[in-house]
Each structure stands twice: as structure tokens, then as C-alpha cells.
Amino acid sequence: MLAAPMLEQTVQIVSNERDTDSYFRLVLRAPQIARLIQPGQFAHVRVLPLKDALLRRPFSVFQVSGDTFSILYKTVGKGTEALARLRSGEELSVIAPLGHGFTVPKRGGETPLLVAGGYGMAAMYLLAQRSPQKGIVFVGGRKRIDILCEKEFEALGWDVRVTTEDGSHGKKGLVTQSLLAELRRSRGNEARTKTKKSEIRNQKTEVNQSLLTSAPTRRMKIYACGPTGMLKAVGKIAGEFNVPAELSMDEHMCCGVGVCLTCVIPVKTGGGWEYQRTCTEGPVFDSRQVEWEVVK
Amino acid sequence: MKSKVQGPKSKVSRADDGVNLSVQIGKLTLQNPVMVASGTFGYGVEYAQLLDLNQLGAVVVKGIRLHPVRGNATPRTAEAASGMLNAIGLQGPGVDGFIKKYWPFLKTLKVPTIINIWGTTVEEYADVARHFDHLGGVGALELNVSCPNIKEGGAQFGTDLKLISQVVTACRKVTTLPLITKMSPNVVSIAPFAKAAADAGSDALSIMNSYPAMAIDIETRRPKLANVTGGLTGPCIKPIAIKLVWEAAKAVKIPIIGMGGIQNAADAIEFMMAGATAVAVGTANFYEPQTPLQVIAGLREFLQKHELKDVREIVGTVQAAK
Chain A
323 MLAAPMLEQT
333 VQIVSNERDT
343 DSYFRLVLRA
353 PQIARLIQPG
363 QFAHVRVLPL
373 KDALLRRPFS
383 VFQVSGDTFS
393 ILYKTVGKGT
403 EALARLRSGE
413 ELSVIAPLGH
423 GFTVPKRGGE
433 TPLLVAGGYG
443 MAAMYLLAQR
453 SPQKGIVFVG
463 GRKRIDILCE
473 KEFEALGWDV
483 RVTTEDGSHG
493 KKGLVTQSLL
503 AELRRSRGNE
513 ARTKTKKSEI
523 RNQKTEVNQS
533 LLTSAPTRRM
543 KIYACGPTGM
553 LKAVGKIAGE
563 FNVPAELSMD
573 EHMCCGVGVC
583 LTCVIPVKTG
593 GGWEYQRTCT
603 EGPVFDSRQV
613 EWEVVK
Chain B
17 MKSKVQGPKS
27 KVSRADDGVN
37 LSVQIGKLTL
47 QNPVMVASGT
57 FGYGVEYAQL
67 LDLNQLGAVV
77 VKGIRLHPVR
87 GNATPRTAEA
97 ASGMLNAIGL
107 QGPGVDGFIK
117 KYWPFLKTLK
127 VPTIINIWGT
137 TVEEYADVAR
147 HFDHLGGVGA
157 LELNVSCPNI
167 KEGGAQFGTD
177 LKLISQVVTA
187 CRKVTTLPLI
197 TKMSPNVVSI
207 APFAKAAADA
217 GSDALSIMNS
227 YPAMAIDIET
237 RRPKLANVTG
247 GLTGPCIKPI
257 AIKLVWEAAK
267 AVKIPIIGMG
277 GIQNAADAIE
287 FMMAGATAVA
297 VGTANFYEPQ
307 TPLQVIAGLR
317 EFLQKHELKD
327 VREIVGTVQA
337 AK
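Those protein sequence lines, which keep their order, are chains A and B. Per my numbering, residue 323 is the first one in the first sequence, and the count goes up by one each step. Per my numbering, residue 17 is the first one in the second sequence, and the count goes up by one each step.
Among the hints, a few may not be true.
30 Å max Cα-Cα, derived DSSO-like pairs, lysine-lysine [to be verified]:
(1) Lys43/B to Lys554/A
(2) Lys400/A to Lys321/B
(3) Lys240/B to Lys590/A
(4) Lys321/B to Lys266/B
Note that these hints are calculated values from the structure, not bench results. As the structure is a computational prediction, the values presented were derived from the model and not from experiment.
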């Protein structure tokens, strides 16, 4: 019952600049919050000058640096447009850190495969930074300007695979196709390795077809953040390849602390499913726990 | 650099200023008239890290029926100008789930817990009331006869004079706990409904529940809520609620708990002048969890400024000729 620590603070804006053509980067000074943040958690922000749009807006934490933390955002409505007009020195009300984040990979454990749809990249940086085990980052978007943080991930020493739907940057296609190709390749390698071993032992030499479709790829783990359609596809792929997957679910949110029951997703229980809160039990859920049949 | 912490111990002055904030709801004494509205405060525990719950007048929990309730499909809420729409569908753990999961925390509070209850039949209301009567330690029961977002139960009872009377009568028979009937705004005149609840044995009225409403996404041409319609809450409904409190206060003698868009002490005082003995902060909890404590502090300041010794002195003092 004891909840993770959360604080409500009025914090000062260090900077609020356009980061790329379509995204802004907001840096906030909040030493206590910065210290507590775990990868995959979010901050619930109230833009104080807004008088008729009252609700807070949730943002994944992007980076943490000393006494500050930052978020990336796109101007999509009233809240984010008002946010973009704020300047350094002005104040915001923040409740953070909130939610149940990602499990940070262990050294020598499974190779992390990070899958992000555009804006979802922001939620994954801290995970990559704090993971002692480096892996592959799959990032996709509609076009070049949707691709974020490519250089940041490369600087961390991760293998970055970019896809765009229009082919304007990286490979043309969907981020999930790129993930699928990697899993198939690695499955093929695994099958070949096993076949070689069996050849040595003079056992059956043909590649077992079932190995290609159902044997677990034990040394990998997927972490994903992005739009629901992408997460659903990632969940399906993870299931097919029997790879564990932690997904940061995207659902419209209101209070952020678990009381209003707005941000629920269907989660499997003993006999059926129940609605659980993205803000409290999530946003990160084990893909196998999600009742995908009900997810819209 | 400045970083103001608004932790649990902020805002409310524990003043020995001789100002009385205490009010009475039936046999229940509240240390101050500021409670929270059902459905906007979970089961209290969710906010325990952000504010000191023991500073409140009372904690009012989300509606509970006999069995667990899954709730409506998403999207369940949508922002509106100076407010929001919701159609949660009373998701909840049921009586047993609530007692197991939330009661151990709530019973440790020094302030009363008011349990909001509902059912799909008159008998179920009474059954749930009986369970909480037997539990011991409950402050009062709030009868939710006004939720607009469920097909059976809720507003079906609160907008029918015969049914509202039957629900209150049935609950009155099985418990001595104070009963607070939560009223629907969706009636031509609230006075007969207020009278029906009072005559059937309700100790107080909560006015009002959310106002039935709808919003459309013009790009997709679909309703913004999966439930199509929902209940409007927040500052935009306050003037509607003030009028209903004023009308009900003229019709009945039992205390009224005013609610609907309260954001600050001035809003609370307005409700009290219209005739409310106590108030509840609702939607504001979602965006500013400190609101109830700010309202309590502001009430005290107002009384001091106007050299009043007792908060009850402002109740029903609106100078309306009508």
C-alpha cells in the first residue's frame, strides 16, 4: 500500500527552448524531484497562467542532470502552447515523480531492445543512460523531424536503428518492422548455433521449424514507448518471439495520482481482466499482463 | 534557487484565534466545514503524501456498491472550458474489497470518513448501508442517487420522487449513521426532491452531483467520451450549484453540503451564504491537491477580517429579496 515518494512543488524554469523543428525542451530546477526520478516515470505539470484549461499535463521525464530534470514536448493544444510561451525564471507547479517505471537492465543480463515511436524516445533516454548493459534502440516516426535524440543515444554507445514512414531518414518503414527483422535475424543465428551443436553431436541436422517460431529468445528484453497502435504491435511481436516486454502505455490522463480513474487500461487478472491505472500501476506494464483484445 | 515545498504540513494555521470552524452534520461533528467530494479523492490514501488528511473536515470516498465494478470504457474524461466531463462509471472494489484494501488506512485517520454508497435496487442500497453500519467507525453514509454515468442506479433514483424516498427510507431502517443524500441537478425544481429526502430521514443533503453533458471531437466527429455523455464538473458549474443550494435551503431545515467548482475560500463562502453548512472540494483536487487546505485557511482569514467568531454565522446570509 505504501506508494512511491511523490512531491508537489512550485519549480523554476531554467530554460524552455525549441529543441528541433517540432519539439521543445523544458528544463526545470527541482533538486528533490531530480534525485527521486526513475526511468519511465513522469511529471504532472500545471501551467499556472492558464485559467480556463485547468488540468495538469503529464510528461515523461527525459533527462536528469544534477538539480534539474527536463521534458520534451510538442505543441499540440492549449496546455502545451501556453507552456511554450513560458520563459526561464517563470514558475510551474509540478507533481513528480509519478508512476511505476521501467526495470533497469542488469549487467550481464538480457540485451535491452528499446523501441520508441517518435515522442516515446523521451521516456527511454534515462533507461538507456542508467542501463549498465548496452543494446539496440529502434526509433521510428512519420518523417525526419519526428526522430528525436538519435545523437544522444549514440553518445551513450547504443546501436541506433532509425526508420521513417516516408523514408526521409533511416530505413523506410515502421519501427516494428525493424524490430521484427532484428528478432528474426537473431532467431536465425540462434537456430544455426543450435544446429551446429547438434551436428557435432551427430544428431538430427535439419533446422527445427518450431525453433524458429516458438523457442524463447531468452537473452533479449524489449522496452517500448509510443502510440498505442505501435505498443500493440510490439506486444504481439514480443509474444510471438517469447521475449519479455515492458511497455509504457499511453492513455489520456487527468489527476495523475490514482484517484480519478481516467487513465485506465485493461489488465489480466485471475479469471478475466480489470481496469488498472496508467498513472499508478503503470505507465509501464508487462506486455503479457495487458488484455490486448480490449485495448482500442 | 527557490523551490517551494508544499508538503503535508503546509497552509492550515492551527490558530488559537478563538474562531470556530466546527459544524454539525446530523450527529456528526466536523472540525471544519471543508470536505472533499466523492470520486475526486479516491480512498484518501492516494493523497496522503501530498497533504495532511487530518486537517480536513472529512474524507469522502468514491462510490461503493456491493460488488466490484469494472467501470466504463475509455476515454473517460475530457477537459472543457473551466471544467471537465467525466464518465468513469463508478469503478470500484465493492464493499469487501474496500474494507480489505482501504479501510485499514482510513480508520487510522482522526477525521471522519464518509462512505458514498450506491446500488442498482433499493434493496442493494440498504444492503450496502447495513454492511457499513456493522463495520463500526464510519462517520456517515452519502447516498449516491445522482450519478449520471451508469445505466442502472444513480440518477435513476435521484430524479424520481418516489424512488429517492424509498432509497432513503430503506437505508434509514438499517442504520443509525448520519445519512447524506447526494442530489441530482437534473430536475426541474430541487425543492420537492430535497423535501422527499428530508422527510424520509436524510440527515443532510449534498448539492450537487455533476451536470449531464456532452462534448464532440470535430476532427473525428465522435463524442469525446466513450460513454457518449458524461457529467460536467469544475468552476463552470458553480453558479448552477449555488442556485440549487439556495433553493434547497429555503425548502428544508436539514444541513446542506455545497459543492460544484469550489477552487478557493471565496467560492466556499459563496456556497455557505447561499445556505450550505459545509462544502466539498471536487474537481480542484485533480489539478491542485492543496485546494481543501487553502479553503480552510482562507475561511479562517475571512472570518477574522469580518470579525466573526463562528463560521456558522455566515450560513444562509445571502440578502436575496426573492
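Where does the structure disagree with the numbered hints, that is, which hint numbers, in rising order? Structure breaks hints 1, 2.
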